[in-house]
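**Q** In case you want the letters, here they are:
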Amino acid sequence: MNTLIFRSVAPFLTALMIMFSIFVLLRGHNEPGGGFIGGLIAASAFAIYGIAYGVAAVRRALWFHPMSIAGSGLLLAALSGFVSILAGVPFMTGIWIYPRLFGVEIPLATVMSFDIGVYLVVVGAITSIALALEEKERD
Amino acid sequence: MITLLCLFLPFIAAIVAPFATRRLGHQAAWLLAAAPAFAFVYFTGYLPEIAAGEVVTGGFVWVPSLNLSFSWFIDGLSLTFALLITGIGTLIVLYSGGYMKGHPQQGRFFSFILLFMGSMLGVVLSDSFLMLFVYWELTSITSFLLIGFDHERAAARRAALQALVITGGGGLCLLAGLIFLWNISGVTQLSLLVHAGDVVRQSPFYLAALLLVLGGCFTKSAQFPFHAWLPNAMEAPTPVSAYLHSATMVKAGVYLLMRLNPTLGDMPAWEILLPFFGGVTLIAGTFLSLRQTDLKLMLAYTTMASLGLLVMLTGFGSDHAIIAAVLYLVAHSLFKGALFMVAGLIDHEAGTRDVTRLGGLMRAMPITFGAALLAALSMGGLPLFLGFLAKEEIYYALEGGNLRAIVFALIAVIGNALMFAIAFAVALKPFLGPKVDTPKQAHEGPLLLWIGPAVLAVLGLCGGLFSGILHRFVSTPMASAVEGVPTQVSISTIPHIGVPLLLSLVTVALGVLVYLQLSRARALMVRLMDGIGPGPDRAFDGFIAGLVRLSVLVTRFVQPGRLEVYLTATFIFLALTLLVPPILYGELPAVPLFPSDVALHEWGFFAIALIGLVAVLMASNRLTAIVSLGIQGFAVAVIFLLFGAPDLSFTQFMVETLSVVILALAMTRLSLSPSDHRPIAHRLFDGTIALACGLGFALLLLKSTQSVFDDRLTDFFNAYSKIIAHGANVVNVIIVDFRGVDTLGEIAVVMITGLSILALIRIRPGGGATKPADNNPDANGGGRR
Chain A
0 MNTLIFRSVA PFLTALMIMF SIFVLLRGHN EPGGGFIGGL IAASAFAIYG IAYGVAAVRR
60 ALWFHPMSIA GSGLLLAALS GFVSILAGVP FMTGIWIYPR LFGVEIPLAT VMSFDIGVYL
120 VVVGAITSIA LALEEKERD
Chain B
0 MITLLCLFLP FIAAIVAPFA TRRLGHQAAW LLAAAPAFAF VYFTGYLPEI AAGEVVTGGF
60 VWVPSLNLSF SWFIDGLSLT FALLITGIGT LIVLYSGGYM KGHPQQGRFF SFILLFMGSM
120 LGVVLSDSFL MLFVYWELTS ITSFLLIGFD HERAAARRAA LQALVITGGG GLCLLAGLIF
180 LWNISGVTQL SLLVHAGDVV RQSPFYLAAL LLVLGGCFTK SAQFPFHAWL PNAMEAPTPV
240 SAYLHSATMV KAGVYLLMRL NPTLGDMPAW EILLPFFGGV TLIAGTFLSL RQTDLKLMLA
300 YTTMASLGLL VMLTGFGSDH AIIAAVLYLV AHSLFKGALF MVAGLIDHEA GTRDVTRLGG
360 LMRAMPITFG AALLAALSMG GLPLFLGFLA KEEIYYALEG GNLRAIVFAL IAVIGNALMF
420 AIAFAVALKP FLGPKVDTPK QAHEGPLLLW IGPAVLAVLG LCGGLFSGIL HRFVSTPMAS
480 AVEGVPTQVS ISTIPHIGVP LLLSLVTVAL GVLVYLQLSR ARALMVRLMD GIGPGPDRAF
540 DGFIAGLVRL SVLVTRFVQP GRLEVYLTAT FIFLALTLLV PPILYGELPA VPLFPSDVAL
600 HEWGFFAIAL IGLVAVLMAS NRLTAIVSLG IQGFAVAVIF LLFGAPDLSF TQFMVETLSV
660 VILALAMTRL SLSPSDHRPI AHRLFDGTIA LACGLGFALL LLKSTQSVFD DRLTDFFNAY
720 SKIIAHGANV VNVIIVDFRG VDTLGEIAVV MITGLSILAL IRIRPGGGAT KPADNNPDAN
780 GGGRR
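Chains as they are written, first to last, in numbering that gives the first Met the number 0: chain A, 0 to 138; chain B, 0 to 784.
Rather than coming from a laboratory, the hints here were simulated on the basis of the structure.
Predicted model, so just to flag it, every value in this text is computed and none were measured.
All C-beta atoms, glycine included, are put in the ideal place defined by N, C-alpha and C.
What the simulated footprint calls covered on chain A by chain B, stretch by stretch (three residues with Cβ under 8 Å from a Cβ of chain B suffice, anywhere in the stretch; the number is not a length):
| hint | segment |
| --- | --- |
| 1 | 33 to 39 |
| 2 | 93 to 107 |
Chain B is faced by these chain A residues, among others (derived, beta-carbon under 7 Å):
| hint | residue |
| --- | --- |
| 3 | His28 |
| 4 | Glu30 |
| 5 | Val120 |
| 6 | Ala124 |
| 7 | Ala129 |
| 8 | Leu132 |
All chains should be built: construct the whole structure from the sequences, respecting the hints.
**A** In structure tokens, the structure reads:
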């Protein structure tokens, strides 16, 4: 799309949306949000960027093939499930640790890495579909 | 525990084989042969114990809840088979070392042979039904691999597939039969089944179980009309033919019949079906072998005939018949294994195995000739040899005087006479007479090649000479196991005057006659067979071709390749599932009361949703319709938000946005016409389906909100989400923690869907895929149909 306004706004919009998507992902445990919805937001962000600047630009910006992102997300989610096996509890049991960083206690959990995996799968899969469709449109 | 080790030793050797062969070349045979040799020596140690009438069992519980165990059991029958498998196996491994020398895939060949050996050992030592079945199918699979070893030849591939289809299909029959036996008798172990014979015989399901078991045994042991795969299996390298397709695997069917004789035997069906099919196979096999000129094929058809003879004897129903079957089985494994190896040796050294192009090899290959002669003497059933004992016993068994015995005695005499002729045709024709020019200059093979046939042939003589020892340690325990009661085997090689000897003389005289007139008999058989027309082998091809045609038809019907058809079918079915059961069972929801407290802004969003819908229907082009559908979706998302489902609403917003984007992209990509050109009747039809689906969903939702809501789960999640899972957002905690495994499955589905959509997008009508960044100008309008 070649309107000047859209092309100028798109990078900022994309950056903001991706930041927002990560925010939504991380707050999901206590407030509305989570990996799935975060992933959808990020996917729309890439779609907007793609509409403004073309598929090649998005692929350059992503660096990885979107399907690899989805694959690594699935791997991460599965591995998060296996951590609990090492701890001697059933598969997929959430394991929590509370490290202190700069005097602040930060709760971290396999549940979170699992959710990040969900996020990556959704981003990767949807983006790769959208990109493939856009690409064909213009060639 | 050493028994367990012996069960797995061939598999371990199979893993080692490729590496050992890379290191040692064909000399690896000596190392690999140590595995079966060790097992052979170990099993020999059981001989005194088993001869004393004991039974050795062992094993461990595998899946206790299914009453499944990994257990073995050794009695006279399984021990004899185990000794044959490991003993002949040792010789075959050595022989393969010489025969496949220099073959680039020799390591793989060793590996397959040893895999087969392990499977076959498992078949005969298994106690539990399921273990038997698993090993049984493993022998079919390894046989498939070995027959198709020269996979670059179409004939080998066809033969391999044919063997797999026939024996594998038989295996499924067997499984069903074993399940029948399990249900009838209540036991899952062969060792216990012996005691359940009366229960099984009186069961109304006896015949069904019998037929299914016979389906397995007859296919495996190449009984008529399932015999076609066995001669075709001669496409395999000769060590395979010698080992699998004469000495061991094809006897698995006979083994199982013998094993089940105490349980299923002594019934009219058993004593009719087995001798009948066995007798037909015997006659068919011997006559078919007459027409062959290929040494291996001549032997293959006599193997089929011998298997027929064994089945016939097993089912004949007398003590002498069982003893005869036992003796003949051992004798046959020895002489046929030896003769096959001789045939391979001739092929290897002279370059051909066509009997009409061979002659005068005696001087060049004296050891081979000796081995062939000894084996043929045993096969022909001449005195002093084990084959003679077997044949005498056969005639003892069949001298009854009644019509049935006379008919089968006649069949046996004809069969044996023809086998006599073939035996000497294989053992004498290539060696005697004037020297014939062969493709290769023949000379004696290396030690690795002749040691196998020599040992087996000599054993055939020893078995006859020292029949007392053989009977004490092998024949008597084995016959007792087959009979189910102690049975004494006492026949010796000293000829006794009587009917059996007379029949033997007739057999030999007839055999010599056929041998002398072999080429005339062959010409006669060729004419006869051409007159009969296509046999089961062609029928197999027809069957496979028909199967392919049928599946093509079914696929064309189920998957016509038009998305419209799929969608219409899916939605019609959906509407039916939603609407028919509530109407049929009178479970339609009550008419809901209209809520009176709907606020104005809520009305507003309902109105927007409705406007979106109307816009979809009114839209003159597709893009407008898609966007209008998005409006409706957004309105619904707001309604979700208003009624307290922020997560759901959030997701709905994003899904609506993305689906509008993706649908719009797909539309432009498909190069559809901008507007809808369906005729009015078609529109009405599609509209009706859509309305029915919508109505169905509305009714379902109404009904489910009207029933009493079980809120135990809600209470649980609300109460424990924070305490157990440290999260306040119950929805998300359920997704990532309580039901995390579900989510893992779902994201895997998302991933796979993405991959398949990607693949679909890249497929072009002309076939072939292109890279995503392909800017080939010829690729314009890639998706156009």
